[in-house]
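A.B. asks: Residue numbers (the numbering used here), protein chains in the order written: chain A, 107 to 400; chain B, 107 to 400.
Hints listed in this document are in silico derivations from the structure and should not be mistaken for laboratory results.
Please read all numbers here as calculations on a predicted model, not as lab measurements.
Treat the hints loosely; a few may be bogus.
When chains are identical, the list treats them as one kind, so a pair holds in a single copy or across two.
Once the Cα atoms are required to be at most 27 angstroms apart in a straight line, the calculated DSS-like pairs of lysine-lysine come out as [stated by the list, open to error]: (1) K172 - K302; (2) K302 - K318; (3) K302 - K261.
There are 2 protein chains.
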Amino acid sequence: MIGSLYAGHLGRVCEVSVLCRREEHARALNEQGLRVSGRHDFVTELQAAADPTALPEPELAIVATKTTELEQAAARLEGRWPGAALMTVQNGLGAEEAFGARRVISAVTFMSGTRHSDTHVEYILDTDTWLGPYAETPYELVEEVAELIVESGLKARPFRDLRPAQWSKLIFNASVNAVAALTGLPHDPHFVAREKPDDLGHLVYDLVAEGKRVAEAAGVELLEDPWEMNVHATQRGSRHYPSMLEDVEAHRRTEIDHITGALVRQAERFGVPVPLHAAMYRLVRAREASWASD
Amino acid sequence: MIGSLYAGHLGRVCEVSVLCRREEHARALNEQGLRVSGRHDFVTELQAAADPTALPEPELAIVATKTTELEQAAARLEGRWPGAALMTVQNGLGAEEAFGARRVISAVTFMSGTRHSDTHVEYILDTDTWLGPYAETPYELVEEVAELIVESGLKARPFRDLRPAQWSKLIFNASVNAVAALTGLPHDPHFVAREKPDDLGHLVYDLVAEGKRVAEAAGVELLEDPWEMNVHATQRGSRHYPSMLEDVEAHRRTEIDHITGALVRQAERFGVPVPLHAAMYRLVRAREASWASD
Chain A
107 MIGSLYAGHL GRVCEVSVLC RREEHARALN EQGLRVSGRH DFVTELQAAA
157 DPTALPEPEL AIVATKTTEL EQAAARLEGR WPGAALMTVQ NGLGAEEAFG
207 ARRVISAVTF MSGTRHSDTH VEYILDTDTW LGPYAETPYE LVEEVAELIV
257 ESGLKARPFR DLRPAQWSKL IFNASVNAVA ALTGLPHDPH FVAREKPDDL
307 GHLVYDLVAE GKRVAEAAGV ELLEDPWEMN VHATQRGSRH YPSMLEDVEA
357 HRRTEIDHIT GALVRQAERF GVPVPLHAAM YRLVRAREAS WASD
Chain B
107 MIGSLYAGHL GRVCEVSVLC RREEHARALN EQGLRVSGRH DFVTELQAAA
157 DPTALPEPEL AIVATKTTEL EQAAARLEGR WPGAALMTVQ NGLGAEEAFG
207 ARRVISAVTF MSGTRHSDTH VEYILDTDTW LGPYAETPYE LVEEVAELIV
257 ESGLKARPFR DLRPAQWSKL IFNASVNAVA ALTGLPHDPH FVAREKPDDL
307 GHLVYDLVAE GKRVAEAAGV ELLEDPWEMN VHATQRGSRH YPSMLEDVEA
357 HRRTEIDHIT GALVRQAERF GVPVPLHAAM YRLVRAREAS WASD
């Protein structure tokens, strides 16, 4: 869905090809193009295939799969198009490590949409993509990619060091997504309520506080306060459905290992106790186990 | 369901009358009697009514409603049958306080069953009821009631002080029920697994440990170790469905306020931090809020 938002928009300012998992998805895109609706409304023509050898070598490859499909995506690209830069757009931490010795751009995005069909995506939240250089990647390349994304009609912001942004989003997601997944609540005003002792906002606040202590121990100065991100997001009144809640409702494997799990592992590495995040991690993993017999 | 198990069995050794909420329930019981199946198999004749004035004054009243219906039950009995002793069989703590100046017997039960209809209950887990005197109630009365229950075919054990048993069950329930409600798992071997870092048993163990610290601060020496109760229960292989999980699946209000909520309030009273129980309390309350718009 995020990948379709990039492909649809970028197809208006450069040549885009799409590597699909399914043949019929590629066929439908080649025949009908990709329709974007919602905040924008247009159809982009693009080239698609399920076999990477059928596609031209790109200058930039964008990997925007869920983290649960990251390994599979990395395997398909292994040794292919070595000259292409590669941008990872994932929740959590560490996606870049799957892509070896390429020029890698790290990115996180806050935009959202709904996938209506193989050839139709709705653009809902028109918020930023943040990107920065990974390892030896030159910052100029990051700026160039950010400009291209902005030119295509999406919002983007380049950073010399993405970690302050990446960690802000990590802590935000670890605190909000697991709570949404376990309670069944969309990201709504319950997440900031801190009046009665049993109000949910106390828990979200304490989860954010644990996360900030890990960031501090890791030497990362956060770009935004995840608690403020939480407050602002719920004030938009959009009652956003975190994807982890959608996963739980569809009995799909969630991204918990790459979000809360990643934070818990960082906490352990830096010796910071995170009992609440550990609890959420275990609860969501157990929730996944509850439908293992589906 | 627990009330039906008492009524069905006790009807074989003494006169039993049943105060129902619904007229048709009373009518069905008067016409067909109450069938017990499962571990035992018989039909008991008894007298039922939805209006307490239609029933004879009992020597002993048993209140075995869920805690969510306790206030309503107490209101119906207020000022009625002042000479009757009253036995409360509830999860959590504090049910006795709803019944004013009577001779009150505190009880907790571990038996379970399934309600098949207004006139049919299945007796599944044939485990104990534990009972003890509340306030000035003489212990001899407790012994007498325990003997009667045993004579009727159920298991019972009288205690001079029920608190060690009550608190053992409180900590067990607070640790197991909320986890089951949030994960969707029946009480199965996941609740004792402590090998991988994301295993659920770590959380259950830590919840039990918090509960034990509260009991210690309250000066209660536990009758049984709630962690051992957890281990034994999951070894039975029964995959017992805690009622709080059933409540969540049916989108009914749960007993969280009277179980985890009661423990959290005791913890606060004695100055013991219980961050994990507080988290579970807030999560289950939020889960209830998620279906408020049903």
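A.B. asks: Confirm or reject each hint.
C.D. replies: Against the structure, the hints come out as follows:
| no. | hint | verdict |
| --- | --- | --- |
| 1 | K172 - K302 | between (36 angstroms within a copy, 24 angstroms between copies) |
| 2 | K302 - K318 | both (24 angstroms within a copy, 25 angstroms between copies) |
| 3 | K302 - K261 | neither (39 angstroms within a copy, 41 angstroms between copies) |
The structure shown violates just one earlier hint, number 3.
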